[in-house]
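Q: Chains A and B, in that order, are what the protein sequence lines are.
Residues 14 to 307 in our numbering are what the first sequence lists, from first letter to last.
Residues 4 to 428 in our numbering are what the second sequence lists, from first letter to last.
Hints should not be assumed to be uniformly reliable.
[Claimed, not checked] In silico DSS-like cross-links for lysine-lysine, where the CA-CA straight-line distance does not exceed 27 angstroms:
#: 1; chain 1: B; residue 1: 176; chain 2: A; residue 2: 51
#: 2; chain 1: B; residue 1: 299; chain 2: B; residue 2: 184
#: 3; chain 1: B; residue 1: 269; chain 2: A; residue 2: 135
#: 4; chain 1: A; residue 1: 135; chain 2: B; residue 2: 411
#: 5; chain 1: A; residue 1: 151; chain 2: B; residue 2: 197
Keep in mind that the hints were calculated from the coordinates and are not lab data.
In case you want the letters, here they are:
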Amino acid sequence: MRRLRALEPLAWTGPAVVLIALVVLWPVVEMIRSSFLKINRRGVEQGFYGFANYDKLFDEKDFAEIMVRSVIWVVAVVALTVLVSLALAQLFNQRFPGRRVARWALIAPWAASVLMTAIIFKWMLDPEVGVINQIRLKLGLIDALGGASADQLGDASTAMPWLVFVAVFVSVPFTTYALLAGLATIPADVYEAAKMDGASRLRTYWSITLPLLRPALTVAALINVMNVFNSFPIIWAMTHGQPGYSTATSTILMFILKGSNIGESAAMSVVNFGMVLVLTVIFLKVSRWNKEVA
Amino acid sequence: MRIKLAGGAALGVAAMLVLSSCGSGSGGSGSSGDQKASDGGQVTLKMVAADYGDGPGKPNSGETFWKGVVDEFQAANPNIKVEVQVINWNDIDKQVATMVQNGQVPDILQTGDYSGFAKDDMLYKVEEVLSPNVSGDMLQKFAEYGKVDGTAYGIPFVSSARALFYNKELFAKAGISEPPKTWDELKADAEKLKKAGVSQPFGLPLGQEEAQGESFLWMLGNGGGYKDASGKWAINSPQNIETFTYLKGLVNAGLTTPNPGTKDRKTVWEDFGAGKVGMVNGGPMSIPIFDAAGLKDKYGVAPIPGKSGPLDTTLGVMDWIMAFNKNGHAAEIKKFFDFFYTGSAAQKISDTYKLLPVTNGGIQKLSSDEKLKPFLDALPNASFYPFQDPKWADVNPEIKQTIGGAVKDDPAKVLGELQKTADAG
Numbered sequence: 014m015r016r017l018r019a020l021e022p023l024a025w026t027g028p029a030v031v032l033i034a035l036v037v038l039w040p041v042v043e044m045i046r047s048s049f050l051k052i053n054r055r056g057v058e059q060g061f062y063g064f065a066n067y068d069k070l071f072d073e074k075d076f077a078e079i080m081v082r083s084v085i086w087v088v089a090v091v092a093l094t095v096l097v098s099l100a101l102a103q104l105f106n107q108r109f110p111g112r113r114v115a116r117w118a119l120i121a122p123w124a125a126s127v128l129m130t131a132i133i134f135k136w137m138l139d140p141e142v143g144v145i146n147q148i149r150l151k152l153g154l155i156d157a158l159g160g161a162s163a164d165q166l167g168d169a170s171t172a173m174p175w176l177v178f179v180a181v182f183v184s185v186p187f188t189t190y191a192l193l194a195g196l197a198t199i200p201a202d203v204y205e206a207a208k209m210d211g212a213s214r215l216r217t218y219w220s221i222t223l224p225l226l227r228p229a230l231t232v233a234a235l236i237n238v239m240n241v242f243n244s245f246p247i248i249w250a251m252t253h254g255q256p257g258y259s260t261a262t263s264t265i266l267m268f269i270l271k272g273s274n275i276g277e278s279a280a281m282s283v284v285n286f287g288m289v290l291v292l293t294v295i296f297l298k299v300s301r302w303n304k305e306v307a
Numbered sequence: 004m005r006i007k008l009a010g011g012a013a014l015g016v017a018a019m020l021v022l023s024s025c026g027s028g029s030g031g032s033g034s035s036g037d038q039k040a041s042d043g044g045q046v047t048l049k050m051v052a053a054d055y056g057d058g059p060g061k062p063n064s065g066e067t068f069w070k071g072v073v074d075e076f077q078a079a080n081p082n083i084k085v086e087v088q089v090i091n092w093n094d095i096d097k098q099v100a101t102m103v104q105n106g107q108v109p110d111i112l113q114t115g116d117y118s119g120f121a122k123d124d125m126l127y128k129v130e131e132v133l134s135p136n137v138s139g140d141m142l143q144k145f146a147e148y149g150k151v152d153g154t155a156y157g158i159p160f161v162s163s164a165r166a167l168f169y170n171k172e173l174f175a176k177a178g179i180s181e182p183p184k185t186w187d188e189l190k191a192d193a194e195k196l197k198k199a200g201v202s203q204p205f206g207l208p209l210g211q212e213e214a215q216g217e218s219f220l221w222m223l224g225n226g227g228g229y230k231d232a233s234g235k236w237a238i239n240s241p242q243n244i245e246t247f248t249y250l251k252g253l254v255n256a257g258l259t260t261p262n263p264g265t266k267d268r269k270t271v272w273e274d275f276g277a278g279k280v281g282m283v284n285g286g287p288m289s290i291p292i293f294d295a296a297g298l299k300d301k302y303g304v305a306p307i308p309g310k311s312g313p314l315d316t317t318l319g320v321m322d323w324i325m326a327f328n329k330n331g332h333a334a335e336i337k338k339f340f341d342f343f344y345t346g347s348a349a350q351k352i353s354d355t356y357k358l359l360p361v362t363n364g365g366i367q368k369l370s371s372d373e374k375l376k377p378f379l380d381a382l383p384n385a386s387f388y389p390f391q392d393p394k395w396a397d398v399n400p401e402i403k404q405t406i407g408g409a410v411k412d413d414p415a416k417v418l419g420e421l422q423k424t425a426d427a428g
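Isolated chain B, as found in the complex (with noise of 0.2 angstroms):
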């Protein structure tokens, strides 16, 4: 018995110790992937690129998507190869920064962000890896967003903005001729949606997903934001505090979504495309999954509603390519963007994945498309988040766990949290 049960407790304690390992332990500090084949006059280029489409094995997969790049700017230049690492977005910080972490930085990553990056010194300025003709055609508001202290580093690589989708047969339905404009005729109408029968009036995604995005979209319409016209954070700001209790009245009222708080942007957008939904803020990338889910032609798309009015600006947002010093092969790298922008690339990752360009040309191209120009409309005049303050990185994720209780328990103290978070250090 005792030889059993020490036995026992032996192996437990080695399970034990397995187990336990596979928590968070941080790769070490390898050497350095220095990725310098100059045999043959040879250069491998290294790439980490976020997945827009619905990942692997998908017909519209990142990897698809560059392999076509990739093969075209081979065969055009046959020194250079690419090799494209796709990951999807809930994982590419985190695997950039083990990579960083282990010395084995790429040539060119493709993400959300390049200010931190600019920070610690690590990227070549825009203008050692891009010819002045390319970043001349960039929008001029998008490319002022890629400085760090007056440099350029960043490169604008895709943009979105929002609007307010409607659900046509929903609002036919419960007798509503046109879209909401302010947000007492949003409550009115989602009232008469649920007096239709209709689960969610509103479609209200504040859950860990995008949190930071749709509360954005509500801050705007009352003149608010994360940080003020002096650029001081400002999450507990009156108008703020004001534009979360209208939500928490839509909420108690039953006009939204049940528990915004734990809701996924993704979630919503499948209930708006069953048809469960019947008004949502969405963007670009959310047409293909109202049109695959059925719901083509039935929806429309108007500004979003401010508190006495649209909105005259919306949020954008604009994912970025920045290409690290460490390797040196800055004209590769250049001549692989100045491909990227001048070729067909940059106009079949719009299409593919209905994403905004950020270049004057791109823009006029799509101009004839429906569906795409209220977005298109609305760029010039976006708003963004603070990304370039370091604190938004402390910020962004307190903020996608814990403003959903902004519309459940008190907003002055929820908010008043994400404050002290943004004031703290």
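The shape of chain A in the complex, shown without the other chains (with noise of 0.2 angstroms):
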């Protein structure tokens, strides 16, 4: 009876287990397994493939280019969405009239599909009629419509500034809840402690609030990091990648790959997860170095 009672956890953590396994790491497998496979484009197995996939995926020319590009991509991405939020978290920490609504409103690009809001956009910058642009036209910014200057998504260095916005627009709801919540948590008594210390409020921002939030930031930070590595309706719906592979990163590489050999397209999952997995590890480990620091 007493056996049975230690057993007793297992029924509750064990549906969970499996699940995870099931989901989670079974599909882990089957990737590896697919980047060491031929695989046709019709989808039959051919067979043991060692590491040509690899091989391939790493002579393609703009590999490098793309993985470097992924990396700035992500830092870009959460460094300003971080910086949004951490202002916006602030601002609806206060109290003000109308600030139930405001923070409703925040929820809505976290709401909507982030497909959704990236074709939005796409539209908003249509050179022959997109908002932006008859805005553009109307402040003079553009002589016309329909032409190179209004098709900002028609060159990588114009392109990209937009995409990196429209991924901040939708990471900084979320973002910026998890910090709210953040801020809950500090105590106020260590505010009125700083307050009778006579503390600036810069001083108190920086020594209090930042080091009390430090959880919360790297929770929130480190979800981004993940989520942003693997963004893909925002690029894919906006440019595709193009023009040729100026604004793909590695998980658009990874799709387009998938039309034409699954193996290789598994050998570009392989990386990414390792990717991820880098950039986990060195985010922890400066999120500490700071903390050893401060």
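Taking the hints as your guide, dock the two standalone chains into a single complex.
A: What follows is the structure, encoded as structure tokens:
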């Protein structure tokens, strides 16, 4: 009877463990397995292929460029998201008339499907009829609609900032709410003590708010790093990674490869998986290092 | 603090595992789905088909079309049940590949290519699943393309051809009396249109959706193509480089869609429908789009201009239907195919989607349609993608992604890279 009791926790954790094994571990194993198989375009497995899929992937002309762009993409989007969210969280933590409405409104970009948001931005940037270009025309920023100057998504140098903007736009709500929750956990007496000691506002923020916010900040940023690295719909809907591969990240390349070579695509997924692990470890290292200094 | 941080990190790592596993895990090798439902002689045919309509829920969706066909067929053949799964064009090849990998092969597949499956010995021969009187009525040239090593596996399903659409109102406004026949005329007309305030004199979609089609039409205009006469890949032939240099000139002069390498066919056709584009290459399938946009009767159709004269050929595209041999339903499939081609279904698909028929009988029935006539006339002499070459599967996605660079950067270099892809391995 006692032994049975000892097993009781298993009944509670078991289903979760099985679920994780089924929907997380098994696909990972399958993904890695596929990356070592020769699979033709029709999906017929043609045996073990060694590292040939990886060789082909690393030989892709644009591979290095795409990997570098992926990292820049993640860093840019996450950094901007966190900065904007820190400010917004601070704002929404204040009491002001209409705060409830403002908080609700912030949810909108989060609640809407990312794909939908991306398509709407693509439409707004349409060179012929996009509302953003209509405004730019009225402001005299462009001479005419329909030409190259109105086609910001047509060139990587102007498309990339827009892609980053949309990615930040959809990431900010979640991050803000995570930070807002973090702010709510900071006890008021700490601030009172700071006030008594005569700390300035900036000093209070830097020495009290930020350190106490770090757990929430770490989790929010970490989830964003992984989310943004694997982000697909924004870039796909707005540029297909074009012109050429000049706005593509590794996730976009993975999808394009899927159409011609599933094995190589799986290899790309494995590399992606590894990248996320590496980025995560680096990130955790960095945030802990910060803590020791502070 | 420390505990909180560790908790946060653990949560983060768990979330990471979940998120990153949303990548490209491919399905495993599940058990084979042998659909032989032998109870009571009832047989279920599983069919996968591409959607020619505007998607689920639209009146012209593939589901609606096939339901009509299947209902009629099942009424006449109570022992055979047909289950149709309609998949959109962007996903169908990937999804079918997943089905094959999982051992869940359909009985019938209708999509853009058959040749790979034939090489994998997965298909019935045409003679096993189609009556001679039906296969005899197929356009000979089309049926030829359905053969691998002399044996027919692919059955032509529908076809389409391309021609030049021009906006008559914009042409009148720019003082142009007739559509261009040569590249020089095309450029001159485009300049006139530009002066008359048309933002995109020539609509040039070289983006992901169908860059391989638009490019091919231009290559044909200079006696080029993806392959040379001897069947060798010739993507960076001097003719093709000259073609893209000419196009680059148009682009730089602002006479085309801006940044063609990022523009999809659909967008450019919509712009043409909205009266923003002077000329564009299109097919029968673009007629409903232009008509719906309110351009009905305001556009003309002409042969596509070439370097020194109008093309005597055009891009023909054929879609295929095929029967898989895994589940052993040849007799039932034959009944269904014969029903499809001899009944009203094949005719209905042409009417609904403005796709061209593949049978002599079908072409005769449509020959009175004024708008379709230029395309029907072009069909017998059409040129096709080299889709039977296994390399096409590697080259095609690469063309879609990068060939637009040939009108932006150095044409010889961009085409040279594509040639390398075709020659590799």
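Q: Could you work out which of the previously given hints the structure breaks and list their numbers from low to high?
A: Going through the list in order, the structure violates hint 1 alone and respects the others.
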